[in-house]
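Visitor: Sequence:
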Amino acid sequence: MAEKNAVSEKNNPLQEKLERVQKALARMGYGSRREIERLIGEQKIRINGQLAKLGDHVKAGDKINIGNRSAVISSEVSRIRVLIYNKPEGEICTQKDEEGRKTVFDSIGKLNQGRWISVGRLDINSSGLLLFTNYGELANHLMHPSSEIEREYAVRVNGDVTDDMIKRLLKGVELEDGLLKFDSITDSGGQGANHWYHVILKEGKNREVRRLWQSQDVRVSRLTRVRYANLSLPRTLKLGRKVELSLDEIKTLFEFIKLEWPVSRDEAAKQRSKKAKNLSIKNQIYGSKKKSKSAWPAAARKNKARQK
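If you use UniProt numbering, the sequence shown closes out at 308, no skipped numbers anywhere.
Calculated directly from the structure, the hints in this document are not laboratory data.
Warning: the hint list may mix true and false statements.
Derived EDC-like pairs (lysine to aspartate or glutamate); straight-line CA-CA distance at most 20 Å [what the hints assert, rightly or not]:
{"#": "1", "residue 1": "Lys242", "residue 2": "Glu89"}
{"#": "2", "residue 1": "Lys202", "residue 2": "Glu137"}
{"#": "3", "residue 1": "Lys277", "residue 2": "Glu260"}
All values derive from a computational prediction rather than experimental measurement.
Model the full structure from these sequences, guided by the hints.
Guide: Spelled out as structure tokens, the structure:
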């Protein structure tokens, strides 16, 4: 990782002038492609005032209505970018705050092209690793419950924690929004009533870690996210600072979460052409072999069979 961006535009997806509406809205962070396609089927998306259809293409500047939300199609990013930000307590994870409180977006700054998308949230009293990307499909994949991406937190709790409590938290606790549980709880030590645990879960419901502990009458006094997927909070990264992933680190992240690396339209065309060429060569080779074998005189084939 490096403070300055090390991503090569040559190896990263290139800008395209036209793209399918579901792809454009997905990369802008308005949902996954399947979710956008479902909304199109439900006639909830309009392009420049007209109902969108599957297969419709959009370009930069087109106006989109998604239910009661509106958006303007931005130019496709020329490179995928990912930030790790060490969020301090006291910052909120919204674009703007009516009360004038500092937001995480104030700290990371704006992009010249596209916009930063927050991968999940941390509440105002929590700190630690917060991911940002300009590629909506990556953000959607990282956040969607079906992806089962691990999030790890360091938690300091106040109160007596029993073995039965741990068992209940691992088995699952029924709360107002369903059955919630930790996938792993590791004792990290501590003194007196304050004790540290590392917990892992695979979804990111609102204040889930705090609510699970509170269900056992245990109060969380400190909460820090230390890992998301394969990305850990760098020990040298101070609160309120950010670091940008290199191209290799971003590709490793894609591989780890099993998300296909996107390619430009030109690159996709080159790949299809290469596959077609290889298939043609194979057909010529195997076709000539079959032809050569069938061209043997029948007597020669019989003699060869007798010799065997």
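Visitor: All the hints need checking, so say for each whether the structure fits it.
Guide: Structure-based check of all given hints:
Using a Cα cut-off of 20 Å, the hinted pair Lys242 and Glu89 holds, with the two alpha carbons roughly 15 Å apart. Between the alpha carbons of Lys202 and Glu137 the distance comes to roughly 18 Å, so the proposed pair stays at or under 20 Å and holds. At roughly 23 Å between alpha-carbon atoms, Lys277 and Glu260 are farther apart than 20 Å, so this suggested pair is violated.
Of the numbered hints given earlier, the model fails hint 3 alone.
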